[in-house]
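**Student:** Here is how the chains run, residue by residue.
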Amino acid sequence: MPVIHYIQADGAEYEADVAVGSTVMQGAVDNMIDGILAECGGSCSCATCHCYVDEAWFGKVGEAGATEKTMIEMAMDPQPTSRLSCQIKVTEELDGLVVRLPESQY
Amino acid sequence: MQKVIIIGSGHAAAQLAPSLRKQGWKGEILIIGDEAYIPYQRPPLSKEFMVGKKTDDEILIRPLSAYGQHDISFKLNETVVKLNPLENTLTLSTGESIGYDRLALCTGARTRKIPIPGSELEGVFYLRTIDDVKGIKHTLDAGIKGRAKKSVNTGDSANVVIVGGGYIGLETAAALRKIGVHVTILEMQDRVLARVTAPEVSEFYQRVHAEEGVQIHIDSIVSHIEGEGQVSVVHCKSGERFDADLVIIGVGVVPNVELAEEAGLLVDNGIVVDEFGQTSVSNIFAAGDCTSHPNALLADSLTNGRLRLESVPNAMEQAKTVAASICGQSLPYASYPWFWSDQYDLKLQIAGLSQGFDQVVIRGDHKNSRSFVAWYLKQGKLLAADCVNRPKEFLVAKKLLSRGDIVDPDKLVDESIDPKTFLQ
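As given, the protein sequences belong to chains B and L, one line each in that order. In terms of the working numbering, the first sequence opens at residue 1 and continues consecutively. In terms of the working numbering, the second sequence opens at residue 1 and continues consecutively.
Since the hints were made in silico from the structure, they are not lab data. Owing to the predicted nature of the structure, the values given are computational and were not obtained by experimental measurement. Hints are all accurate, no fakes.
With a straight-line Cα cutoff of 30 Å, these simulated DSS-like cross-link-like pairs (lysine-lysine) come out:
#1 L:Lys392 with B:Lys89
#2 L:Lys178 with L:Lys53
#3 L:Lys411 with L:Lys381
#4 L:Lys399 with B:Lys89
#5 L:Lys54 with B:Lys89
#6 L:Lys53 with B:Lys60
#7 L:Lys53 with B:Lys69
#8 L:Lys392 with B:Lys60
#9 L:Lys420 with B:Lys69
Only part of the chain L face toward chain B is listed, based on derived beta-carbon distances under 8 Å:
#10 Gln41
#11 Pro43
#12 Val312
#13 Met316
#14 Trp340
#15 Asp342
#16 Lys347
#17 Gln349
#18 Leu395
Ranges of calculated distance between the beta carbons of each label pair, as one might list FRET restraints:
#19 B:Gly11 with L:Glu203: 45 to 55 Å
#20 L:Arg112 with B:Met1: 41 to 51 Å
#21 B:Met1 with L:Leu30: 21 to 31 Å
#22 B:Pro80 with L:Glu262: 51 to 61 Å
#23 L:Asp132 with B:Tyr106: 29 to 39 Å
#24 B:Pro80 with L:Thr421: 18 to 28 Å
#25 B:Thr91 with L:Gln379: 47 to 57 Å
#26 B:Thr91 with L:Ala36: 24 to 34 Å
#27 L:Arg112 with B:Gly11: 41 to 51 Å
#28 B:Tyr106 with L:Asp418: 13 to 23 Å
#29 L:His224 with B:Met1: 46 to 56 Å
#30 B:Glu13 with L:Lys411: 42 to 52 Å
#31 L:Glu240 with B:Pro80: 53 to 63 Å
#32 L:Lys411 with B:Met1: 42 to 52 Å
Here a beta-carbon is modelled for each residue, glycine too, at the ideal position from N, C-alpha and C.
From just these sequences and the hints, can you work out the full model?
**Tutor:** Here's what the structure looks like:
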């Protein structure tokens, strides 16, 4: 099962086994990792699962879709590698993925 | 060891239990739910789950193992019949009595039942739980006597009649159109979403649903449902009749307050809690759809300073507040409500509460396009925004609400102005 690394704003690191087909958001929720709120449960409606994809991984993860891009633009402190983690589907390719979580989702 | 019992296994419970651990609760945590399932997402029930795009496992909020890792246990399929606050115990329907140190009522809401003759017929459903939707799917999949999604009455595509043009009814209609059944919505008011939106928004949804092939009948009050064992026709007071292989009734919910009420807790359109989620009994807390709670941020829109919300984000926020209170910390609840509804290609995101508005202004073309914003104002101050396929305006509206900024309505509707600039 792919391992995803979550790094919180204060530097605390967690790694979680996340099933292929699940999402980076769901991996955080399943493992009760703080920093991802996911109020809408993954329907790209709330922008409370914002994360920064590690630069080395951004090519593999890919760009956000149009709605997601707009949501990110309005999220707290967006960066060039920002994504909404509910829209990142976990694949074998993403085994080892590193994402950083923002200090706040609001 | 100290023990927290959570009654109810919905979104509030699913947030409360892990939040208790995060806040440092070392004692036992037991969730008692009257459904057979660990907490699952309700919003997909009227959407992806209904049309088979998501399975049982895929709508779980998190898998059972995640709760196990945090030493959170469940009693499922169990109904609490009585609270005994003086003894700090509760009684299950089996007669078993369980003691607690802190109790959290996350009892949610149940569908409002309407006393229509014939509503007990086979093929008549309400929609709130996973089992409700399994029943609906089973009826559709079994093809009403073997012919997939075909009507037993006519041999054509099955006819589904939805009673109630609220969000649940509209979302269900959109989901069912995807699988090609005929859908009719019967709404007793003179427009859909009458209770929660401006006429312009109702008009928009009526247009889109008509474009998608849904028959909407307003001012239609159901008088009785006809059928021999299985439903066949829905009759309205006007004399109109609608063929039906399946009827789904979505006319709102009522909060589950009876346990609290019978135990002597204060109840007023919901279990009364303060901003810390505490009920009128000091070691009993409540969170989610079942609560009547204060919200200082909404003082302008509330008549008696309290409200009850049917909302996932609210359930999650209140649960965090209750977790803090139980752990002896203070996290007073004060959030702006927000809601969402996905239908067809429409992503509706609602920021704030529109009740009490005295002005509505529209950004975009709600009459011809599928993208616009209805801004709700009261004495020039923004109360809420219904944003259809306008994620940017939605997030701007959330921020405007939390800052209390005043924006000239002429600007709100001016498409040449980037909504981001409203924040400056």
